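2 protein chains.
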Amino acid sequence: MKASSHPARCIVLDWGTTNFRALLVAANGAILDRVETQDGIQSVPKGKFEAVLTRNIADWRSAYPALPIYAAGMITSRNGWIETPYVEAPANAEALAAAIKWVKLAGGGLIGFLPGLADESVKPFPDVMRGEETQLVGFGLEREMTAVLPGTHSKWARVGGGRIQRFRTFVTGEVFSVLSRHSFIAQLAKPQPEPNWNAFSMGLEASQGHTQLGGLLSNLFSVRTGWLAGKLTPDETSDYLSGLVVGMEFREAREMGWFKPGEGVGIIGGDPLVEVYRRAASAFGLEPRLGPSDAAVRGAIAIAEIAERMGHGI
Amino acid sequence: MKASSHPARCIVLDWGTTNFRALLVAANGAILDRVETQDGIQSVPKGKFEAVLTRNIADWRSAYPALPIYAAGMITSRNGWIETPYVEAPANAEALAAAIKWVKLAGGGLIGFLPGLADESVKPFPDVMRGEETQLVGFGLEREMTAVLPGTHSKWARVGGGRIQRFRTFVTGEVFSVLSRHSFIAQLAKPQPEPNWNAFSMGLEASQGHTQLGGLLSNLFSVRTGWLAGKLTPDETSDYLSGLVVGMEFREAREMGWFKPGEGVGIIGGDPLVEVYRRAASAFGLEPRLGPSDAAVRGAIAIAEIAERMGHGI
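Line order of the protein sequences matches chains U and A. To convert a position in the first sequence, counted from 1, into this note's numbering, add 57. To convert a position in the second sequence, counted from 1, into this note's numbering, add 57.
The calculated lysine-lysine pairs, modelled on PhoX-like cross-linking and capped at a C-alpha distance of 20 Å, are:
1) K161/A - K105/A
2) K288/A - K180/U
3) K103/U - K161/U
4) K161/U - K105/U
5) K288/U - K180/A
Some chain U residues well away from chain A (every beta-carbon gap over 10 Å; in silico):
6) N76
7) G86
8) T94
9) R112
10) P125
11) P291
12) E362
Keep in mind that the hints were calculated from the coordinates and are not lab data. It should be emphasised that the depicted structure is a prediction, and the values quoted were computed from it without experimental measurement. Here a beta-carbon is modelled for each residue, glycine too, at the ideal position from N, C-alpha and C.
Just chain U, with the same shape it has in the complex (with noise of 0.2 Å):
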């Protein structure tokens, strides 16, 4: 643990499929110590929860007792920990920290389980997510402003006024991945370490013609029919590929209503994503805004604070 002179005010945990991610918190919003094991949800027996979290910051708990948790994350979900409702989009921070489930920890203290989001307007199911709510907090909802938070399954969301309005799930990265590793492309590809930004480039050229030029299943093709033309070598074809599928993703955005280009679009994540989407929004006429790393953490805080304002759970 490292020396601080600001006092710990919580505990925020970022518990997902694959991680587990734990930051102790001070009143200012610095981040005093952090943990990180490879527990995720996937790997932890059901009724097992408790007793990896104590492992895993057990000095935490040895020092402060009493500090309250905040889990976000898959451990909220139907395979985690506890199942926590979903709010209803249009929705504030008040109402996502209201929703906030409080469980008694066997050693002493209180863990409340962050609620995800749900958007009833979505046809033919309502859209769903856990984890991007809290970033869309860490980002800020008073500006009006479409927000997309790059991922396996990435989310635009619309912002402002102090809500989050809509959103709509793109499973963008679950498709890049599928099909790099077990299509045709797999048998082509040569993925490089390093991004090719030319071949990326080629691929959001080939995604942004009109609705004549075809949607993503008739686009995927040309992965191939570039290479038999001599166009694209095996070491562009992933970075080409990627280009392609994000392209598509601005498209169907923009088709949708989610922009206007010449707008700002704010860019959500700590990853490597971040900067393919902000090179696709450039391409798409958009003014790129990127959010703070650290919005998943923030937005935690900023929940965790109106949840104890409102006296719940302590």
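Starting from the structure of chain U, add chain A where the hints point.
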């Protein structure tokens, strides 16, 4: 070998990536005998194609040593026996026949490798087919019509006036397959032995909305949200996904101008996908016209007859 009163006139090979199929064909087009093995080109070492062919049809070769052999399928691709050129669309059967590549067999006689077809008008790279052009000839090129050939990489083609005018590849079958087996859908789905046409229709309906409802990337997540909402069971997931992706293919094709509701559409093939596409065509307001299940053989014979009339290879 079966007895027949009709003399054999040629051998047709449909030699693909995973299967070898040979047909002994009579002058009247009747199939006198057939051989099917697992000797797809992926399992045959380069340079061993003639040995595999000779072994698989040894009886025919000794009975009819001079009988011409016509080969179509991936055997004519870069990874096959010999790579034949692509004829440029628009093309008629005569152009395909003239582009056959003839090779002398060590055991005597000739084998003619049928060409593929390219559409140079497709952006950003010319589209290609290899084998489907032969099926289209077998379906018939006289009547002005759009035809679809379902498959791993399904093809939409416009035929009429004796020509294949233009075409486009949709990677629908492969997208369905990799998502079913390797994505979040694989964790949910319990595929059933028989198609669930209700679930298929739900997927079709989800795909049929206006552009504002989104494209493939923003609709695929409905496989999970339908399950979360209690509207889709794991038993139904696979057929729902099938309806969704095939419906998206039809939607893209409609937006690209391949058809207008009320028109007829040819559906060419010999496998269970034909029924899937017949239902999708009806849902999109089209009149399905099923092609003969042996369109590939009919096409190869028609092209062979033209080649022989031209005096090529004989």
